[in-house]
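Using the numbering used here, you'd call the opening residue of the sequence shown number 845 and step up by one each time.
It should be emphasised that the hints constitute simulated quantities derived from the structure, not laboratory data. Remember, it's a predicted structure, so these values are computed and weren't measured experimentally. One or more of the hints may lead you astray.
Simulated restraints on C-beta separations [said to hold, decoys possible]:
{"id": "1", "residue 1": "PRO1036", "residue 2": "GLY990", "range": "42 to 48 Å"}
{"id": "2", "residue 1": "SER1084", "residue 2": "GLY990", "range": "40 to 46 Å"}
{"id": "3", "residue 1": "PRO930", "residue 2": "THR1003", "range": "20 to 26 Å"}
{"id": "4", "residue 1": "ALA1145", "residue 2": "ALA1121", "range": "33 to 39 Å"}
{"id": "5", "residue 1": "ASP1027", "residue 2": "ASP976", "range": "18 to 24 Å"}
{"id": "6", "residue 1": "PRO887", "residue 2": "GLU1118", "range": "26 to 32 Å"}
{"id": "7", "residue 1": "GLU1044", "residue 2": "GLU1088", "range": "19 to 25 Å"}
{"id": "8", "residue 1": "PRO882", "residue 2": "ASP948", "range": "24 to 30 Å"}
Here are the computed lysine to aspartate or glutamate pairs in the DMTMM-like style, where the Cα-Cα straight-line distance is at most 25 Å [stated by the list, open to error]:
{"id": "9", "residue 1": "LYS877", "residue 2": "ASP948"}
{"id": "10", "residue 1": "LYS877", "residue 2": "GLU1030"}
{"id": "11", "residue 1": "LYS877", "residue 2": "GLU975"}
{"id": "12", "residue 1": "LYS877", "residue 2": "ASP963"}
{"id": "13", "residue 1": "LYS877", "residue 2": "GLU1028"}
{"id": "14", "residue 1": "LYS877", "residue 2": "GLU1044"}
{"id": "15", "residue 1": "LYS877", "residue 2": "ASP1017"}
{"id": "16", "residue 1": "LYS877", "residue 2": "ASP976"}
{"id": "17", "residue 1": "LYS877", "residue 2": "ASP952"}
{"id": "18", "residue 1": "LYS877", "residue 2": "GLU988"}
Every residue gets a Cβ at the ideal spot worked out from N, C-alpha and C, and that includes glycine.
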Amino acid sequence: MRQYAIALATLFLFIAPAQAVEAQGRFGPATEKIRFEPLDWSPGQISQLTQQARAHQVASKGVEGSAVVAESSGQIIVIAAVANTPGGFGSFFTSDLTLVNLSDGPQDIAIFYLARGQDNRNATGVRATLEDAPPITIENILAELGQTGVGSLYIVPITSDANAAFDPVSSIDAYSRLLTPGDEGELSQSFPAIYPDYLEFETEALALGHRQDQNFRVNAGAVNLSETAQNFLVTVFGESELAEFVITVPPFSMNQIAIPAVSFGALSLLFEPESSAAFEWIGYAASNDNRSGDSWSSFAAVVADPSAFTKQ
């Protein structure tokens, strides 16, 4: 056994690091820094682009089955939480954003910052062009956009002409990392892009895997992508306690609040929109370690059998 261990250790010592090779694919060389320009603004522009995208999605449903719907509904993407702001316990949060154009040729996009707790129906966007190139990462995206605070990003593929319209022949993706400096490096949590219609027809969704006690704290967040303010009833299912509270979110906005100051232990959160009408929304939760600054998050996912949950 000792001889086998020595041989295995020797093998690992002589494994050479991977060598960079020239990429052989449709992507060209790395792009220069992305440029953001003001988007020609008109009142309610974010609503107009959303309506165009929804009309395209509805039309696609009647063409070929679910595969077409999945592709068309994924063209507008949302980053549920971004920040450029001080946080608790001496932290300061910023967000890095990675964007990629999966279309064949350059693709213009509009980025709208949906500030927390504000009616953003008349938010002004910025225009950027994603080249047919490898993914590009923008450090502290809100600072690049001239913004501070906490909010969401609403990213729409648009046509390249001056009068921006939703571009139905497009494919983009994104990923965001919410980070803060720690004692020995950066601490971060992931916020991948999510489709705005992910929970459109759902009456409840569940975010798993969180903890609140003397060492951990939890925030619950909701993104409302409708034209009216929305209320979300949130139920905390803890190991030792059960609690309910309401998150109110203005139109085209997000809100994130601390859950009740109770030692729940391990917990999950059930999100229930109070509106009986379907609308686009996202729910999520984030846990933070008060000692190290470590954090993690999860999106609220569809509940297949709502009857499985009781609030007794």
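Hints violated by the structure (listed by number, smallest first): Violated hints: 1, 3, 4, 5, 12, 13, 14; rest satisfied.
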